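Taken in sequence, the protein lines are chains A and B.
Each step along the first sequence adds one to the number in my numbering, with nothing skipped, and position 219 is 219.
Each step along the second sequence adds one to the number in my numbering, with nothing skipped, and position 195 is 195.
Hints in this document: simulated from the structure, not taken from any laboratory.
If you're wondering where the values come from, they're calculated on a predicted model, not measured in any experiment.
One or more hints might be untrue.
Copies of the same chain are indistinguishable here, so a pair counts whether it falls within one copy or spans any two.
As the list claims (entries may be wrong) - Mimicking DMTMM-like on lysine to aspartate or glutamate, the simulated pairs with C-alpha atoms at most 25 Å apart in a straight line are:
1. K215 - D102
2. K340 - E425
3. K443 - E294
4. K215 - D291
5. K215 - E6
6. K340 - E119
7. K215 - E299
8. K443 - D397
9. K215 - D290
10. K443 - D172
11. K443 - D177
12. K340 - D426
13. K215 - E294
14. K215 - D19
15. K443 - E320
The chain contents come next:
There are 2 protein chains.
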Amino acid sequence: MTFFEELSRACGPGALLQDPALIAPYVTDWRGTFTGRALAVVRPASVNEVAEIVRVCAQNRVAVVPQGGNTGLAVGATPLDAGDAVVLSLVRLNRIRDLDADGFTISVDAGCVLADVRERASQAGRLFPLSLAAEGSAQIGGLISTNAGGTSVVRYGTMRAQVLGLEVVLADGTRLDGMRALRKDNAGYDWKQLFIGAEGTLGIVTGAVLKLVPKPRFVATALLGIDRLQDAVRAFGVLQHMLGETLSAFEFFPQRAVALRLAHEPALAPPMGERAWYLLVEASSALALDDAFETALAETLDGGCAADAVVATDSNRRHELWMWRESITEHERRAGPSAKHDVSVAISQVPAFVIEATAAVEARFSGARVLAFGHIGDGNVHFNVLLPADGSIPREDVTAVVHAMVRQYGGSITAEHGIGRYRREDLLAQRSPGEMALMRAVKRALDPSGVMNPGAVFS
Amino acid sequence: MTFFEELSRACGPGALLQDPALIAPYVTDWRGTFTGRALAVVRPASVNEVAEIVRVCAQNRVAVVPQGGNTGLAVGATPLDAGDAVVLSLVRLNRIRDLDADGFTISVDAGCVLADVRERASQAGRLFPLSLAAEGSAQIGGLISTNAGGTSVVRYGTMRAQVLGLEVVLADGTRLDGMRALRKDNAGYDWKQLFIGAEGTLGIVTGAVLKLVPKPRFVATALLGIDRLQDAVRAFGVLQHMLGETLSAFEFFPQRAVALRLAHEPALAPPMGERAWYLLVEASSALALDDAFETALAETLDGGCAADAVVATDSNRRHELWMWRESITEHERRAGPSAKHDVSVAISQVPAFVIEATAAVEARFSGARVLAFGHIGDGNVHFNVLLPADGSIPREDVTAVVHAMVRQYGGSITAEHGIGRYRREDLLAQRSPGEMALMRAVKRALDPSGVMNPGAVFS
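For reference, chain A alone in the conformation it holds in the complex (with noise of 0.2 Å):
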C-alpha cells in the first residue's frame, strides 16, 4: 500500500486533498504574506483519525502540520516550501461535547470555533471569557496551542488560564486522554501545560475541557484623557484598587490614533478635548457598578493621574468609545506600510519603555513615525511604526530597533502571537542558550523524530 492509500483508509477517501486547488487555502497564512506547500491536505472527523493519521504519517517518515482556523500571526500552522508535509485541518473535529453549567465547564472537540463556544456557553447563562477579533474563524485547538490572548486578559488571564483538561495525540499516534473537569489535581506532573502555547511542534490537541466563568451583569465604560503615559499606570493602580478584579479592559492610545482617524472620517466629533493620551476603560460585574465607577472615575481626577473623564451613558456611547482603540489598526492601514511589533514588558515599564523606545525609533529613522497603543493591564504594546510608502526604510532594521529595546527592559518580542515561522530566529536573542537547550530537550523527549510541526518554533 502506498503511503495516500494509507493516508486515505485513515480518514476516509473523502477527507484527503491532493489537488493543488483545493490545498491552496490551506498552505497560504491568514496575513497571506506566505505561501508554502503540502503533499496532501487531510480533514479527519474524530480522534481515533488524528490518531491514525499521525501514526501513519510517522511511520513514513512524514512531517504533519496541525491547522486549526489558520488565523495565526506567525505562520505557525502553514507548511515550508518544501512540500514535504502533510496538513492536519482540525476542521471536522467540531463538536462540543458537554456542558456542564452547574460545573461550570464546557467540553469540545479542538476544531470548534471560538464564537461557537461562546454562544453556547452564554446560552447556558456562563461566559467563556476569551475574546479577539478572530474569534468567529479561530478554533480553539489553535488557540490552545498558541496560548492565545486577547481583550480580556486583564481580567481573565490567557488560553493556558482556561484550559483544565486537555486530548492530545501524541507524534507517534499515541492518543492520551486528560479530560479531566478538576479546578484541583496534583496526581503527577500536569503534562497538560506542555502542549498550551507549544505551537503543534509536541503533538496534536483534539479536544480540551474548558474553565466557565459567571456571566458578569453589569458593564461601565469610560475615556480618560490623560497627559502623561506615566499617569496610565498611576490610574491603573487606582482602579485596581477602587474596583478590583471587576476591571475588565484597560486600553490606551495616543493622540496620534485620535488625529489618524478624524483625518480619515473629518465629519467626527473628537472623543474630548486633545490629550496626549488616552485610556479606555470597562469594568463588569455581578455587583451594579454605577455608583462605584463613578466614585473610582472620580478618584482618578482628584489624584491628578486622569485630567477628563468622558462616561458611556448607554450601549451607543460605549460602542462609539470603544471604537476610538478598536478602529486604530484599520487607519493604521489606510496610512501607509508599517512595521508591526507585539511585545510585553512589565506593567509598571510601558510608559518607560513606549517614550525611550519612541524616541530611539523616531531619531534613528527620519520620517518614521511611532504608533504604540495596547493593554496597560497585561503590559502589552503593539509597539507599530508608521513608514513612508517609498520602502526607504527597512522594517527589518526598525524591528531590530524595537526588540533590541524590548531585551533592555526585560521584556518579550512577542506577547501574544507567538513564534511560529516567522519570529524562530528572533527567539534565539531572546532566551538564553539554558533556555533553548531545556526547549529542544522537551522538544526531543516527545517528537524524537521530529515529525510534528517542523519548522515552527525553532529554525
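With chain A held as given, fit chain B onto it using these hints.
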C-alpha cells in the same frame, strides 16, 4: 578532594551539616510519619551556591532532595532510608528581592516564607492571595513545587496561577533565569510550567516572580444550612451569578462535624437549627458588598437551595462562623484514628460522589463513619473516615474503596497534596500508561542521571 570537601567548598563550611542530631529535623516529614536518612544537609545562601552544590552532587552521582519549609503532606521532601542523598534546604535563601506595587508583582527567593510574602504585599497595599494553614512555615519554592492550593483557590486559583517568572537550577547545575515580570509572553515553550508541581524532581526552584492582586476592601460572610448536598451546587450557581468572582470561599461540612465539636465543647451553642449540611460562604470585593450579599442570600433561600442563613455582622461573628469549619480537623483528631483522603471531582459531581462513596464505605466497613467536608468551588473533598480505635479496620482497605470511587467519577486522588513518596503507587492507578510514559520521558529529558529528588512522584 573528597565529596564532602567539594560540598563544603560549594556552600561554605558552616552551611554543611553532618552531625546526626543537626540533620534529624530535615529527614522527618511534617506529619512525623516517616524518617529517612541523609549523607548530609546543605543550607546554601545564594543561587550560585545552589548551582554549585547541584553540580558537585551530579558529578559524584549523589542524589539531591530539595526541601523548603518541610510542611508537605506527601513526603516529597524527605529522603528515603538508603541514606545516599543530600538534603538541600532553601531556608537561608529567603530574601524578598523586589516589590513592584505599580506592576502588581513581587520577586522573591525560593526560601521566603509565605506569611512574610503576604505581609510584605499587604504593606504595599496589595494582596498575595495564596493562603493556607502552614503559611507561617511553608516556603515559596515548596509551594511552587507542589502547586499548592489553600483556601482562596475558588477565586484566585492554585499556586500555578500566581507564578509569572521562575529561576531554577537544573539537574546538572545549570542556572536558568526566567525571572520575568510579564503577563503575556509566548516566546517559545513556557518552560517554567514544567517545574510547577514537579515536586523537585526536574530541578530546584530558587526564585520566582509572583502576581499580586488588589486588596479587597469589603468582606461579607454567612453560614447557610441545607437539607440535601445537591443544594450546595445549586446555591453555588446562584451565588456565582449574583456575586461573580467576589465569591472567595464556598466551604461545606456535615452535621456530624458540628456534633463532634459540640461533644467536646458542650457549652457552645450550635450555629443554627440543625441541618444535614452547612455552607460557609464568603465574598470580598473592592466594591461595597452588603446589599448585594443579602440579596444573593435571599435568592438562595427563596429559590429553595438553602433552608436557613446566618450572616456575620462583625469580625468576631465572622471568626465564630469560620471556626465551625476550621476546627473540624482538630475535633476529628480527638475522635480517634481516621483514614484521610484529599480528592477532587467536577464541581457538579461533589454531591453524588460524597453520597455514593459514603454509602460504599459505611456499608463495607461496619463502625467506620465518614466525615466529608471541603471546598465545593474547587470540587475538593476531604473525604475522611473515622475508624474504631482498636485498629480493626485497615486504613489501606478504606483508601482502596475511596480511590476506586474517585476513579469512577473521573476525579483525582490528590487534589492539592501531591504524590511525593506517599502516593507513588496510587499514581499508577490514577494515570494511564501513556500518561506515565510521557511523564517519565520528561523526567529522563531533564534529569537523565536521576539525581533530582529520586523516589518522589515515581516509584
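Taking the hints in turn, this is what the structure says about them:
1. K215 - D102: within (13 Å within a copy, 29 Å between copies)
2. K340 - E425: within (16 Å within a copy, 52 Å between copies)
3. K443 - E294: Neither. Shortest intra-copy (51 Å) and inter-copy (53 Å) distances fail the 25 Å Cα cut-off.
4. K215 - D291: both (20 Å within a copy, 20 Å between copies)
5. K215 - E6: Classified as neither; 47 Å inside a copy, 60 Å across copies.
6. K340 - E119: Close neither inside one copy (32 Å) nor across copies (42 Å); limit 25 Å.
7. K215 - E299: between (28 Å within a copy, 17 Å between copies)
8. K443 - D397: neither (31 Å within a copy, 42 Å between copies)
9. K215 - D290: Answer is both: 18 Å inside a copy and 21 Å across each meet the 25 Å cutoff.
10. K443 - D172: both (13 Å within a copy, 19 Å between copies)
11. K443 - D177: For K443 and D177, the Cα distance is within 25 Å both inside one copy (20 Å) and across copies (20 Å).
12. K340 - D426: within (14 Å within a copy, 51 Å between copies)
13. K215 - E294: Both: 22 Å inside a copy, 20 Å across copies.
14. K215 - D19: Answer is neither: 46 Å inside a copy and 60 Å across each miss the 25 Å cutoff.
15. K443 - E320: neither (47 Å within a copy, 53 Å between copies)
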